[in-house]
Each structure stands twice: as C-alpha cells, then as structure tokens.
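*Asks:* FYI, the numbering for the sequence shown is -20 to -1, 1 to 319, going by mature numbering (1 follows the signal peptide of the UniProt record, and there is no 0).
FYI, nobody ran anything at the bench for these hints, they're computed from the structure. Errors might be hidden in some of the hints.
As the list claims (entries may be wrong) - Cross-link-like lysine-lysine pairs, in silico, DSSO-like; alpha carbons within 27 Å at most:
| no. | residue 1 | residue 2 |
| --- | --- | --- |
| 1 | Lys189 | Lys137 |
| 2 | Lys121 | Lys185 |
| 3 | Lys137 | Lys192 |
| 4 | Lys121 | Lys26 |
| 5 | Lys137 | Lys190 |
| 6 | Lys121 | Lys189 |
Keep in mind that this is a model prediction, so the values were computed, not measured.
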Amino acid sequence: MRFKVLLCLCVLSPIKLVFSTEIVVPLSYTAILPCSFPLELPANEKFLDVTWSFRGSVIASINHTDPGFNLDTSNLLNGSAPLTVYNTTPHQQGVYECSVNSNGTEHYSNVTLTVLAAPSVSITSPEVVLGQESVIECWAKSFSPPQISFSWTRAGKRFRPPQRSEGMLAEDGLYEAVSRLVFVPELHDRNITYSCVVQHEELEKPLVKKFKPSIIILPTVSLSIVPPASRSSPLTLACDLRGFYPENISVVWVQNSTVLPEPPLTHLNSDGSYRTRWFHTLSAEERERGGAVQCVAHQPHVSQPASSSIDLSTIDPLGIYTISHIYYIYTTLYHIYTT
C-alpha cells in the first residue's frame, strides 16, 4: 500500500481542512485510509463525532458502518479515526471524506483511493487479406492506473516504436485501451511471428502477445455458361474460383441486385490454394428477366469479396434471339413506313 500526501491547507475556525492524501493498493487488497485531526486537551470522547463519506453517502460513523468497511475508534482521543476498506474493488476507487466534529469545530480531510491492476492482452481477428490494407487490433483490458504503452515487433524486431496511451474507463471500473497495426500483408507474412508488447506499471516485465497473421487469398472468379439443349430449356452457369485460401468459401448468385436461390466441392491446388466450380441453373423466368448475373465469392473476414459478372444479353441464345427479333421488327416497320 502506497501513501502520498498531496495537500496541506488550513482555514480559520470553525472549519478546517486538515490534509488530502492518496492511498494506492493492488486490486482485492485491504486499504487503510487515514484520518488525523487536532484535539484540545483535555478531550472528551462524548463530544467527538466522526463520519466517513464516499460519493455523497455516509459509509461509516461512530454509530453505524456499512459492510466491507471498518471505522477504528480506538484512538479517537489521540486524534485518529482511520477507515479500513476490505477486499478493494475498482468501483471503490475515488475520494473519501473524513469529517470530525470536536466541540463545535469541524475538521475535514480527503483521501483518494486508487486500485492497481495489471492488464490482460488479446489479439482480435488476426485474419488479413493478401495485398489489401489490413488492421490487427491489440487490446489491453482491466488495468489501473490508466497509463499504458504499446509497441509491435515483427520476427523479433521492433518495427513500431512504443506508443503511450491513456486507457478509457470500462464498465468494470478499470481501464481498457487498443493499439492498431495497419499494414498491407504479403504472402510470406503468414510464416512470420508478430508480437504486441504491452508495458504497464503493474507488470513486472512487458506482456508479449505473439501471433501469425492468417492470410486470406482472394480467388480469381470467372463465369461461363453450359450450352443449353434449346432456347426453352434451363440455362446453367458455371462459376470458377481459383487460387483462393483458406478452403472455407461460399458463393452467392445475384441477378440484377437480387440474390438467387444456390450448391460444390473444393479441390487443392499444387501451390496450397484451392479451386472450385459452382453451377447455377437459371429458370425460364430468370432467363426472360435478362440483365447481369454475378458470382460473388464470400470469404470470412473479407469486406470486399471477389466477383465476376456476365451479361445475359450477350451470351444467352434466348436473349440474343430476343434482341435480334426486336431489331428485325423495328427495321421492317421502319422500311414499311418510309417507302
């Protein structure tokens, strides 16, 4: 437990501010908050009244003490009435006020209680997209006091200098802070160990969180059609995805911004990436609708998925026929009315 005298002021009677102090203890420890005051001798305990207040509420007095606290009145006649705080919690941090009334004269002293706690560190979502600007977050949580420092290493070498940060107060009464690593990953980064290094006064040595980026490789997407037996038969589209990683991937078919209802196995390439082919058969109604059809390859943690689109009017025999037929009717009518 650390004890610090911050202020010593006196004001003319009948009100006196005796002193203000700071007590610093580790989380869950017992803290003893001092309260000293002058007495005119001979002193009589019957004319002494002591109260301790916290956040505007009385928590201890000669007649009553809240659970978790203890008011020591054994040395009142020696000018001392310390308050014991058991099993300190983050929510007990703050300013405590001791008020003593002695023969009509009031004495006040303030004690600031600070709870110390070492941070826990975690890396959120080390998944990054190859060749795209990516962000990896390093979170430090449940620490006090709020001052903390972050740095980053790559393959054991520091490449981001220490950055001091002031933690934000969290719901648990302690502090939390985040450091963000922004970089454009390359393929060889998946074999390199990165570290987030956190320094805090309650840590005996820096806390190091190691990780390897999980590289996501976007696929090359291409669309083609399976030639239909006739203009009136269903039209099957093939969507080829090549060179992606990891294996987990899904495809959504979209026609004119509307998701079409779906199912393909993935195959391992020699370079360790995967390939797959997805088919979708357009109904007669969907063919008649025409427009653009997209194959969108969704991968976990990717905000801008790879895709490819195809214009039915350029590849669907039904669409081509329809356009040609309309053009023929138009030119024929034009010829009739102009001759």
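*Asks:* All hints, please: hold or fail.
*Replies:* Against the structure, the hints come out as follows:
1. Lys189 with Lys137: Satisfied, since the Cα-Cα distance of roughly 14 Å is no more than 27 Å.
2. Lys121 with Lys185: holds (17 Å)
3. Lys137 with Lys192: Holds - the C-alpha atoms of Lys192 and Lys137 are around 14 Å apart, at most 27 Å.
4. Lys121 with Lys26: violated (49 Å)
5. Lys137 with Lys190: It holds: about 13 Å lies between the C-alpha atoms, which stays within 27 Å.
6. Lys121 with Lys189: holds (13 Å)
The structure shown violates just one earlier hint, number 4.
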